[in-house]
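Novice: Counting with this note's numbering, you get residues 230 to 596 for the letters of the sequence shown.
Keep in mind that the hints were calculated from the coordinates and are not lab data. Glycine included, each C-beta is placed from N, C-alpha and C at the ideal position. Check each hint, because a few of them may be wrong.
[As the list claims (entries may be wrong)] Distance ranges between label pairs, derived from CB positions:
(1) Glu293 <-> Glu262: 40 to 46 Å
(2) Ala332 <-> Met230: 32 to 38 Å
(3) Gly571 <-> Glu285: 49 to 55 Å
(4) Ala274 <-> Asn234: 21 to 27 Å
(5) Arg545 <-> Pro503: 40 to 46 Å
(6) Ser540 <-> Gln508: 44 to 50 Å
(7) Met230 <-> Glu293: 23 to 29 Å
(8) Ser334 <-> Gly570: 53 to 59 Å
(9) Asp444 <-> Ala232: 49 to 55 Å
(10) Asp339 <-> Glu403: 26 to 32 Å
(11) Gly404 <-> Ala274: 35 to 41 Å
(12) Asn234 <-> Asp496: 33 to 39 Å
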Amino acid sequence: MFAPNDDQQLLTDSARRFTQKHYADDRLGQMGEAPLNTALWSEMAEAGWLMLPFAEADGGLQGEGQSGLGDCVSLFEVLGEGLVVEPVLASTILAGGLIAASAESQQRSDLIEGIVSGGAPIGVALHEPRARHDIWYCEARATRSGDGWTLSGHKSLAHGAAAAEQVIVLARIEGEPGSGGAGLGLFLVPADAGGVTVTPYRLRDDHWAADVALDNAALGADALLLGPGAAADALQKAIDKARLLLAAEGTGIMRRVCLATQAYTMDRKQFGVPLASFQVLQHRMVDMSVAFDQARSLVYEAVTHDLAGDSEAMTRSARAAYRAVSEDGVEVGKQAIQLHGGMGMSEELPLGRALRRLLAIRQAFPL
230 MFAPNDDQQL LTDSARRFTQ KHYADDRLGQ MGEAPLNTAL WSEMAEAGWL
280 MLPFAEADGG LQGEGQSGLG DCVSLFEVLG EGLVVEPVLA STILAGGLIA
330 ASAESQQRSD LIEGIVSGGA PIGVALHEPR ARHDIWYCEA RATRSGDGWT
380 LSGHKSLAHG AAAAEQVIVL ARIEGEPGSG GAGLGLFLVP ADAGGVTVTP
430 YRLRDDHWAA DVALDNAALG ADALLLGPGA AADALQKAID KARLLLAAEG
480 TGIMRRVCLA TQAYTMDRKQ FGVPLASFQV LQHRMVDMSV AFDQARSLVY
530 EAVTHDLAGD SEAMTRSARA AYRAVSEDGV EVGKQAIQLH GGMGMSEELP
580 LGRALRRLLA IRQAFPL
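Whenever a hint applies, use it, and build me the whole structure from the sequences.
Specialist: Take a look at the structure:
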C-alpha cells in the first residue's frame, strides 16, 4: 500500500505551513473574494506545486514513466485540509492534463510553461446547462470555417475560467448532442476573442466558476487541441485523475473536521463533564474516523495501482475513493456540525465551509 515517502512528507509539511499561514480560520471569510489571489498563486508556483503533474521534459518534476500521482495526492490532501480555493485542480490537472495529451508543438510548450510558472490559470468548459452532469452530452458545436473553426454554444460551471485568459472548450465536431464521446473536440479559446462572453460567479464553496457563451466565435486552425477520438480518451483520463485528487482533497477536509470535533468535545462540558465522555457521542466520532480512514485507504490504493502500472485498477480505486468521499465525506461534515451544536453553523468556524466544499466535490464529476 502506498505511503508518502520522505520527499512527499516534506511537501506535506511545507504545504501545511502555507495553508496555516494564509488560510487560518480568522482569514477564511476573506478567501474567494476575487476569482484569483495572484500573490498566493505566485507563491504556489514558486513552491513547485504547479509543476507536480508534468514531466521533466515539459518543465515539470516527474521523470520518465512517472505520473506524479503520489505527489499530487500528498498536496491535495493538504489543500483540502486548508480549504484552499485557488484553481489548482482546474489549471494543472484538467487543463494541464489535456494540453499535455496534445501533439508536440510550440503552442503546447508555451501553455505548459505558462501553467508551471504561475501565469494566468487556464479554465476548462466541459459542462452544459441541459446536460445534467453528463460530460458527453454536448450541444456546443464546432464547424470548419476556411482554415479555422467557428464555435457556438453555451458552457456552464467552467472551473478556473473566472480568472483565465484562455479556456479549453469541449465542443461537438460530429454527431448529435447525445451521441457520446465520439465526435467531440477540445478547443483552446481566448477569453477575449470575438463572440466569446465569460461570466464569472462565486460558488457556495467560495471557489469560482464561469459561464462561457460562444456566438460564432472565430478561431484559428491551431485552436483544436484534440480531435475526435483523442479528445474523449484524454478527457476521460483527466476526469479520472481529477476524481482521485478531489477524493484526496475530500479526505483532507474529513481529517480537519474530525480533529476539530474531537478537540471541541474534549473542551466543551455538559453536566460538569466533557461531551467526549458521553458514549453515544464517542460512537459517532468513531464512525467519523472510520469513514475518513476508509476513504483515505481507497485513495492510497489507487496510487499503489498507479505505481504498479495497472491503470484499470487505478481507475476503479479512484472512482471508489471518489464515491466514498461523495457519500461518507458529506455525512462526516454533517456530523461535525451536529456535534458542535449551534456553533457549527457559525462563520467563525470552518465547518460550514468544509461541508459546502464536500458537497461541491460530490457534484463535480458524479458517478
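Novice: For each hint, tell me whether it holds in the structure or not.
Specialist: Consistency of the hints with the structure:
1. The beta-carbon spacing between glutamate 293 and glutamate 262, approximately 42 Å, falls within the hinted interval of 40 to 46 Å.
2. A hinted range of 32 to 38 Å holds for the C-beta pair alanine 332 and methionine 230, which are about 37 Å apart.
3. Hint check: glycine 571 to glutamate 285, Cβ distance near 52 Å, so the stated range 49 to 55 Å holds.
4. Range check, alanine 274 to asparagine 234: about 23 Å between beta-carbon atoms, so the 21 to 27 Å window is met.
5. The hinted range of 40 to 46 Å is satisfied by arginine 545 and proline 503, whose Cβ atoms lie roughly 42 Å apart.
6. Against the hinted window of 44 to 50 Å, the Cβ-Cβ separation of serine 540 and glutamine 508 comes to about 45 Å, which satisfies the hint.
7. Under the hint 23 to 29 Å, the C-beta atoms of methionine 230 and glutamate 293, about 25 Å apart, fit the expected range.
8. At roughly 58 Å, the beta-carbon separation of serine 334 and glycine 570 lies within the given 53 to 59 Å, and the hint holds.
9. Taken as a hint, the range 49 to 55 Å holds for the pair aspartate 444 and alanine 232, whose Cβ atoms sit roughly 52 Å apart.
10. The hinted range of 26 to 32 Å is satisfied by aspartate 339 and glutamate 403, whose Cβ atoms lie roughly 29 Å apart.
11. Here the CB-CB span from glycine 404 to alanine 274 is close to 39 Å, well matched to the stated 35 to 41 Å.
12. Under the hint 33 to 39 Å, the C-beta atoms of asparagine 234 and aspartate 496, about 36 Å apart, fit the expected range.
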